[in-house]
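Chains A and B, in that order, give the protein sequences.
The first sequence begins at 1 in the working numbering and counts up by one.
The second sequence begins at 1 in the working numbering and counts up by one.
For the record, the hints were derived by calculation from the structure and aren't laboratory data.
Even glycine gets a Cβ: it sits at the ideal position worked out from N, Cα and C.
Possibly wrong hints are sitting among the right ones.
Stated by the list, open to error - Sample of chain A residues with no beta-carbon within 12 Å of chain B, all distances over it, derived:
#1 Arg15
#2 Val38
#3 His42
#4 Asp119
#5 Gln159
#6 Asp240
#7 Pro256
#8 Asp307
#9 Asp308
#10 Pro315
#11 Leu329
Said to hold, decoys possible - So the derived list for chain A, only partly shown, Cβ under 10 Å to chain B, looks like this:
#12 Val219
#13 Tyr306
#14 Pro349
#15 Arg387
Stated by the list, open to error - One-sided and incomplete, this derived list gives chain A residues near chain B with beta-carbon spacing under 10 Å:
#16 Tyr348
#17 Ala386
#18 Asn389
#19 Arg390
Here is what each chain is made of, one letter per residue.
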Amino acid sequence: MSEPDKALLRKAVARAVAGLTATGRLTIVEVAADGMTVFRIHRDDNGRPRCHYWSSSWEDLTSEQGWGHESSRPAVLRAADPFSADEVVLVCSFPEGAEADRALAWLSEARPAAVLPSDGPVTAIVEDVLASDPLTRSYDLVVLRADHASGRLRLGSKQLFPIGALPGTRAEVAVRCEPGDAYGTAFAVVTWQGREPRLLSVHSARLAPGSYLLTAELVRPGKVRFGGVPELTRDPRGWDDLVAAAPAQLPPRAGPAHLICAVEVCGPDAKVEERLSRVRQMVSHLSAELADLLRVSLVTYGAHSYDDRSAGEHPVEVAAWQVTPERALAALEWLEERGAITEGYPYYPHAAQVEDMLDAVARRLSTAERVRTVLLTVGDRPPHPARTNRSLILPCPRRHDWRLLVGRVQGRPDTLLAAICDREDTSPHPVWRRLGADALAHLDALDIRGLAADLGLAAPAALPIPFPLLDETE
Amino acid sequence: MQSDPAQGPPAHDIAMWGAPGSGKTTLLAALNIALMRRKDEWKIVGSDAASSDYLIERTNALSSGKIFPEASQSLEHYRWTLVGPAERQERRWLRKARPTPPLTIGISMVDAPGGLFSAGPLHTANGSGVADDLRRRLMDNLVKSRGLVFLFDPIREFELGDAFDHLHPPLTRLAEKMLEIGELRDGMLPHHVAVCITKFDDPRVLETAQKLHLLDSAPDDEYGFPRVTSEDARDLFRALCEVSASGNADMVVNALDQFFHRTRVEFFVTSSIGFYVRPHTKTFDWNDYQNLLPEAGKDLRIRGQVHPVNVVEPMLWLGRRLAAGGPR
Ligand SMILES: Nc1nc2c(ncn2[C@@H]2O[C@H](COP(=O)(O)OP(=O)(O)OP(=O)(O)O)[C@@H](O)[C@H]2O)c(=O)[nH]1
Ligand SMILES: [Mg+2]
Numbered sequence: 001m002s003e004p005d006k007a008l009l010r011k012a013v014a015r016a017v018a019g020l021t022a023t024g025r026l027t028i029v030e031v032a033a034d035g036m037t038v039f040r041i042h043r044d045d046n047g048r049p050r051c052h053y054w055s056s057s058w059e060d061l062t063s064e065q066g067w068g069h070e071s072s073r074p075a076v077l078r079a080a081d082p083f084s085a086d087e088v089v090l091v092c093s094f095p096e097g098a099e100a101d102r103a104l105a106w107l108s109e110a111r112p113a114a115v116l117p118s119d120g121p122v123t124a125i126v127e128d129v130l131a132s133d134p135l136t137r138s139y140d141l142v143v144l145r146a147d148h149a150s151g152r153l154r155l156g157s158k159q160l161f162p163i164g165a166l167p168g169t170r171a172e173v174a175v176r177c178e179p180g181d182a183y184g185t186a187f188a189v190v191t192w193q194g195r196e197p198r199l200l201s202v203h204s205a206r207l208a209p210g211s212y213l214l215t216a217e218l219v220r221p222g223k224v225r226f227g228g229v230p231e232l233t234r235d236p237r238g239w240d241d242l243v244a245a246a247p248a249q250l251p252p253r254a255g256p257a258h259l260i261c262a263v264e265v266c267g268p269d270a271k272v273e274e275r276l277s278r279v280r281q282m283v284s285h286l287s288a289e290l291a292d293l294l295r296v297s298l299v300t301y302g303a304h305s306y307d308d309r310s311a312g313e314h315p316v317e318v319a320a321w322q323v324t325p326e327r328a329l330a331a332l333e334w335l336e337e338r339g340a341i342t343e344g345y346p347y348y349p350h351a352a353q354v355e356d357m358l359d360a361v362a363r364r365l366s367t368a369e370r371v372r373t374v375l376l377t378v379g380d381r382p383p384h385p386a387r388t389n390r391s392l393i394l395p396c397p398r399r400h401d402w403r404l405l406v407g408r409v410q411g412r413p414d415t416l417l418a419a420i421c422d423r424e425d426t427s428p429h430p431v432w433r434r435l436g437a438d439a440l441a442h443l444d445a446l447d448i449r450g451l452a453a454d455l456g457l458a459a460p461a462a463l464p465i466p467f468p469l470l471d472e473t474e
Numbered sequence: 001m002q003s004d005p006a007q008g009p010p011a012h013d014i015a016m017w018g019a020p021g022s023g024k025t026t027l028l029a030a031l032n033i034a035l036m037r038r039k040d041e042w043k044i045v046g047s048d049a050a051s052s053d054y055l056i057e058r059t060n061a062l063s064s065g066k067i068f069p070e071a072s073q074s075l076e077h078y079r080w081t082l083v084g085p086a087e088r089q090e091r092r093w094l095r096k097a098r099p100t101p102p103l104t105i106g107i108s109m110v111d112a113p114g115g116l117f118s119a120g121p122l123h124t125a126n127g128s129g130v131a132d133d134l135r136r137r138l139m140d141n142l143v144k145s146r147g148l149v150f151l152f153d154p155i156r157e158f159e160l161g162d163a164f165d166h167l168h169p170p171l172t173r174l175a176e177k178m179l180e181i182g183e184l185r186d187g188m189l190p191h192h193v194a195v196c197i198t199k200f201d202d203p204r205v206l207e208t209a210q211k212l213h214l215l216d217s218a219p220d221d222e223y224g225f226p227r228v229t230s231e232d233a234r235d236l237f238r239a240l241c242e243v244s245a246s247g248n249a250d251m252v253v254n255a256l257d258q259f260f261h262r263t264r265v266e267f268f269v270t271s272s273i274g275f276y277v278r279p280h281t282k283t284f285d286w287n288d289y290q291n292l293l294p295e296a297g298k299d300l301r302i303r304g305q306v307h308p309v310n311v312v313e314p315m316l317w318l319g320r321r322l323a324a325g326g327p328r
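Pulled out of the complex, with its shape left as it was, chain B reads as follows (with noise of 0.2 Å):
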């Protein structure tokens, strides 16, 4: 299933932002399994062979083999179209409803070690000269995009606190850019931003969201699974900015307002493995539901099948978002 890039949808670029191990090459990981769990006929396609291969290996390693991937190492581009469902249109005066084609969305996404965000030394196996590149390059991808996928990571934050300082130092830098070229609009970034509250399948973030009564469940999710819509989320960022370690999580909050228009700015609370389900149950139970398997001097491995959680909602967000303002 390969469409050829030069029949495909224009391509939007966005770019993935999040500190180290916030969850951002899982959830592009989860995507297409996120995709093919849906009900509705929106999939997932490579716009290229690399990005094809990407979405099989990863779907696999993920799925099957149950291993997260690594921490990443480089700046990785994959063009992938999502197609949606064929719509159809309102009968019109006495002429037959015919289908339209259906919706694409080409999205160019840029996946990067969190590590570039921050302006500390990078730790990746490669010299520093090679992480200045990667600065660059990564600033480049973000001022040419007009979509970003904001992961913040509540686990990461409770424990160190450092989300701030891996999204106001490239924040600074972008608008600078922005402005010499003048993109800024009425002093605001351009972007429109999908902030990814990650991991909501861990006890302590469900737990706050439940004691926050932001917990809702959709009527029509096989498996029960409690959520927490969109309006919510916003006020789950707060209370999870509240007791990060740092006590700087409020002024993530304040960044976002100062440079993107609020309009532009959307909260979405997922998870990209999802929560425990007993195969021969099939449901959530609060009694058991993380997904998480600790191996004696290994890395975490995933327990049991992958239900991403509101992992396509923000990429189907911003590829209807940034269709509607058309191509840059």
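The shape of chain A in the complex, shown without the other chains (with noise of 0.2 Å):
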């Protein structure tokens, strides 16, 4: 086929195939030498344009009575029907032809149409045409639209592109995944037409929660292909089974609360170092889940010295009471300098203030509050008994007794109790069990979400939510 021939029917085609309406059909007939081909090209639900094509040879049509009979004509017109189409391009890639030309001009005297030139089969074409073809009907992505505020989740959609986008396009979308249900997160793709989505296509995968820069690149109409998750594979579920998928309101929502970090601060420096991150991260997890519904209160302790050499030993200190998260930030910024206290040496080597601990953190907490208080212990010694014992370990010098202030401290509405312990031995101290006694943790094998979460501050992970969530503030 001649460049400029190729060209211009190209052209013809395309223009024929976007002016196609929702219920419009195209007719596209090719007279060659040996036959016909039909191509009806009409939009599907979705408004993606739909080809169906058959040929048929001139000897089929002209069945026994020859070329030259009446009956021929019917038979052609029969099999390009090109009455019940809204446009009808014609074809003719063999002029020369006695058949093509008969055929041709049965077809003309029906359906009136420019014929256009061509040397080649013209599928080609088509198919070219209609994989280029630009959207009639934007697409989108279902998402969850959450409300923190209510915590109401509406399920909606998310343009990824709109009418007229060609292939080739490529859309980026934030969203944020929880952990979703059996099939895991669905990445939805519909067309709206009026106020009903038409579900254009399902891809789904269990992603690790957090937050996914999404890109979506339209490969061709009818095709997306998404990015920045991890692979996903074709959902067979229906739009019906989608909606009924969709969850109408978030996991309650964690409430106002007061995090008491308990620090040891003694023993050796990397330790120390150790557990204050570990503090860090908890206090940014849970100022990012709470924001300004959250108080951090900050003590740290280390060990007694009984031995009359030392100089005095280092008290427990309330580094923070019940402040901001930014500012239980500077202030662990501060412990995080100074790092593991040598003050009070030779100390106590076996034990540390822990029962001192205690007793400050009771004292401070008003038992009026109501408000969800964690007292979160990182730490590995364990505590000075208030008397002599078969532990060896001396008795506080104040004689607090670390069983009645864990009571105490337990004993508060709404107090838990959560450890990290990074003992290496495999059985701590009885006394990390009962500062343990809601969520005790390693160090080494620490999940912060989780910790968070089992204290309940922050949404558990159990309700699942099978769609992209969209932050309704974006």
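Could you use the hints to bring the two separately framed chains together as a complex?
In structure tokens form, the structure reads like this:
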């Protein structure tokens, strides 16, 4: 096919396809040396052009009677059915042939149309035109919109590609994924027909919860390829199944909370540093979850000193009490710079002022306040007993009784005890089981998110959110 | 205060006997402090320069330095004299009472590394040839002595349970030797034995005594320390044997009964360092009496003042017994 002919034909076909309405029909008839091919093109529910085509040889069309016989005409017209189409394009790729001429004449007579020349198969041109057809409907991603104030979830959509978008177009959407259902998180694309969404495609995967920058590429009409998330697989569900899977409400949101972090700051520098960094993670994580609903207290404790050669021990220190996360993080920075406490050397090597810390905390906690309170103790040494006992650990100089004090803190309404213990041996001192009564984690295998959720300080991961979440603020 | 050995009282040979770490050397080191803290007039004096130096040095290390002696490596001999108060004699007839010279008890003490008492190989800095020589010398000393201070460490017994292993082998060898030289009396060894249960200050020992209702307090004790009298000490000893790690501790009692006349064996519940008392209260406190202080990566130190409990009593008992029996 000569290039100008080809370009002309492609343009004409593209114009005809672009002009197809939602219910319109386009017929392209290619008349060739040995027969004719009929292309019927319409738009499906999603506005995507669909094409069926079939070929008939001249022998089939003329049957026994021969080409000259009158009965051939209706056979040609029946095969092409030009009357049912809104638009007809005739293409002749063999102008010298008698059968072709005759057929063209019958077709133009029945449905006057320009005859475009062509010297090669039209199929490739039609396929190419359909694959690069601009969108006639916008393509939207199905999302859940979360209203954090009310906790309400609305199933909605976020536009990926507007009308007129061409294949190769890319779009980006920032979404948050929570643990999903059996299919994981579904990335569904819909088009809108009036108020009714039409499902175009669904792909899903189980994703690690978190924020993702989703990329979408329009490969061709009807096909969207996603990136920025792990590989997705085709999801067999229909629109009604998807709608049924969408929850109406966010999991109950955590209320205001007071996080008290008590950190053991004696022992090896590296350990102290590690403990403080875990506290930093926890405070940062919760301040992201709870924002201005969070109050933080920081208490540090070290070792007692019983040695008369020591200049006096470093007492329990309340570095911050019920302050904003920002101020707590600032106080934490100061503690991080200071590192492990060496004051009071030579200090007692096998225990720490856990009981003094408990006393300091218990004293400051008022019983009137009804705010979820969590005492998070990070350390590894046992406390000093209130009196000499078989543990051989010397008694607390102030005779504080850790059992009583733990009980007092724990007995407060809505107060939880969590601990991060970095003890190497398998059975830590019983105090750590008490201090970690509601959540006990090891320093090395720490899941901050899980710990926060266990303490009711963050959304529990139990309720599945099967679609990407869009924050209403965006 | 050094007396001339030539003029001193005849010395009675006493040997310390006990497993490694049972507290032999510490007990000797605490003896001087114990005497100085006593209200009666007993005192200890070295009978030669080396023995006096040892007394001074150990007293200082224990009470000021607050450190324990190192594990013994060789046999040490100390010659001391316990000097008692001048005793007043009863008024007789019309004659006025007049003071008699004070009672003095000469003791010649041998302190050996505890490992020498076991049959197994000895872990000293020296070679095994040296160990054999030490063992021979120790046996000679045991043969020569008539007084034994046998230390039973309940903590070691609880954790290792090897008191019997450190008693029985040398005991049978001793009996063998004594038989050889015709010194067995009624098939028994002639020695007087002060069995000292050590480390009474340890909570595990004190609590055991408390649970058995064996605690008593001496009315004249200025700190109000609990104590176990010698009559009850045997019961405590038996109870402590029951929690022995090896379960062999009851054989210790049997071995003592087999080799020594019951009348020649006395039990003492002792602590060389005693209980902790706070400087400003100066009284025993059940809530806080532990006198040991651990240090990171190091040995235990002594926490406060050293207040030896029942450390002099075994020596005096032995001294009196031996003095009554006359010099050998
Ligand atoms: N609690 C307590 N511990 C003691 C006492 N006396 C000694 N110890 C402990 O026992 C350890 C050993 O004491 P030593 O006096 O060296 O024992 P030993 O029997 O001479 O040991 P060897 O010379 O190795 O045979 C000391 O380092 C202390 O830790 C005591 O009165 N109370
Ligand atoms: Mg020794």
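We went through each hint and held it up to the structure:
For A:Arg15, the condition that its CB be more than 12 Å from all CB atoms of chain B holds, with the nearest at approximately 89 Å. No beta-carbon of chain B comes within 12 Å of the beta-carbon of A:Val38; the shortest separation is about 94 Å. Under the 12 Å C-beta cut-off, the non-interface status given to A:His42 relative to chain B holds; the minimum distance is some 86 Å. Every CB of chain B is more than 12 Å from the CB of A:Asp119 (nearest about 96 Å), matching its label as outside the interface.
Residue placement check: A:Gln159 keeps its beta carbon more than 12 Å from all beta carbons of chain B (closest about 66 Å). In this structure A:Asp240 is separated from chain B by more than 12 Å, as the shortest Cβ-Cβ distance comes to about 69 Å. Look at A:Pro256: its CB is around 41 Å from the nearest CB on chain B, clear of 12 Å, so calling it non-interface holds up. The claim that A:Asp307 lies off the interface is violated: its Cβ sits roughly 6 Å from the closest Cβ of chain B, which falls inside the 12 Å cut-off.
Remark: the non-interface label on A:Asp308 conflicts with the geometry, its nearest Cβ contact in chain B lying 8 Å away (cut-off 12 Å). The non-interface label for A:Pro315 is consistent with chain B: the shortest C-beta to C-beta separation is roughly 19 Å, beyond 12 Å. Even its closest Cβ contact with chain B, about 32 Å, leaves A:Leu329 beyond 12 Å, as expected for a residue assigned away from the interface. With a cut of 10 Å, the hint placing A:Val219 at the interface with chain B is violated, because the nearest CB-to-CB distance is about 67 Å.
Taking 10 Å as the C-beta contact cut-off toward chain B, the hint placing A:Tyr306 at the interface holds, the least distance being around 6 Å. Interface hint status for A:Pro349: upheld, as the beta-carbon distance to the closest one in chain B is roughly 4 Å, under 10 Å. Given the 10 Å rule on beta carbons, the hint for A:Arg387 holds: about 4 Å separates it from the nearest Cβ of chain B. Annotation: A:Tyr348 was flagged as interfacial toward chain B, and the flag holds, the nearest CB pair being 7 Å apart, inside 10 Å.
With its C-beta approaching chain B no nearer than about 7 Å, A:Ala386 sits inside the 10 Å limit, and its interface hint holds. A cut of 10 Å between beta carbons decides the hint on A:Asn389: the least distance to chain B is about 6 Å, and the hint holds. Below 10 Å, beta-carbon pairs count as interface contacts, and A:Arg390 has one with chain B at about 5 Å; its hint therefore holds.
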